[in-house]
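Residue numbers (the numbering used here), protein chains in the order written: chain A, 250 to 363; chain B, 3 to 115.
Worth flagging that the hints you see were computed from the coordinates, not collected in a lab.
This structure is a prediction, so every number in the text was calculated from the model and none was measured.
There could be a bad hint or two in this list.
[Stated by the list, open to error] Just so you have them, the derived chain A footprint on chain B, three or more residues with Cβ under 8 Å:
1) 14-21
2) 45-52
3) 103-111
Even for Gly, the Cβ is constructed at its ideal location relative to N, Cα and C.
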Amino acid sequence: KAGVTQTPRYLIKTRGQQVTLSCSPISGHRSVSWYQQTPGQGLQFLFEYFSETQRNKGNFPGRFSGRQFSNSRSEMNVSTLELGDSALYLCASSIGLAGAYEQYFGPGTRLTVT
Amino acid sequence: SQKIEQNSEALNIQEGKTATLTCNYTNYSPAYLQWYRQDPGRGPVFLLLIRENEKEKRKERLKVTFDTTLKQSLFHITASQPADSATYLCAPDRGSTLGRLYFGRGTQLTVWP
Chain A
250 KAGVTQTPRY LIKTRGQQVT LSCSPISGHR SVSWYQQTPG QGLQFLFEYF SETQRNKGNF
310 PGRFSGRQFS NSRSEMNVST LELGDSALYL CASSIGLAGA YEQYFGPGTR LTVT
Chain B
3 SQKIEQNSEA LNIQEGKTAT LTCNYTNYSP AYLQWYRQDP GRGPVFLLLI RENEKEKRKE
63 RLKVTFDTTL KQSLFHITAS QPADSATYLC APDRGSTLGR LYFGRGTQLT VWP
């Protein structure tokens with residue numbers, strides 16, 4: 250079974266631009282969660298989608314948004330990029346909602362904002 | 003608000019010894035608790051999940067305990083090997099049926115020969 254894939258793997262953007270990251274979960278998984286990881290803050294939860302509905306949201310500004318499609322693939326968007334948005338963005342999929350089921354992480358997208 | 007603390011940022015042990023990592027949580031009661039391993043530049047990899055009504059769970063050289071009274075989970079790696087060197091993350095859930103995990107900052111384990 251193919252693992253979680255994320256595209257692109259690396260991205261360089263300028264302050265003020267917007268970016269869209271994509272995540273393809275493991276086949277059959279209905280939950281996709283997104284995380285931001287930085288050396289200073291560790292792994293921070295962004296949001297979780299299940300069957301195209303956002304079920305949980307972390308403490309991030311409205312510039313961070315996401316969606317899930319009917320095939321469970323998910324995208325997250327960051328608008329008006331700031332230098333502090335530079336991070337590794339990870340998505341993870343699970344069969345059910347994340348708490349009770351193991352999550353499978355993708356390799357991440359490394360975003361650099363200059 | 004929920005708070006997750008892992009005992010130390012770094013733990014160095016000799017090959018063959020048992021590594022013990024600690025995860026403490028406050029201000030809530032998770033129903034599940036998961037442990038992950040993360041290598042530099044890669045996504046975390048799931049290791050074990052333990053439920054609130056389970057005291058202990060084992061998988062090969064790994065053992066996890068979950069003490070809901072102390073609000074603590076211990077993660078043990080027996081007969082540790084240099085290949086076990088990585089950052090280990092604990093992740094209790096939010097304590098309801100509504101999903102999501104809270105990740106600790108992780109403990110960086112180094113096993114030296």
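Structure-based check of all given hints:
Beta-carbon proximity to chain A at under 8 Å applies to 0 residues in the stretch 14-21 of chain B; the threshold of 3 is not reached and the given coverage is violated. For a cut-off of 8 Å, the count of residues in the stretch 45-52 of chain B with a CB near a CB of chain A stands at 5, and the three-residue condition holds. With a cut-off of 8 Å between beta carbons, the stretch 103-111 of chain B has 6 residues touching chain A; three or more are needed, and the interface restraint holds.
This entry does not satisfy hint 1, going by the numbered hints stated previously; all others are met.
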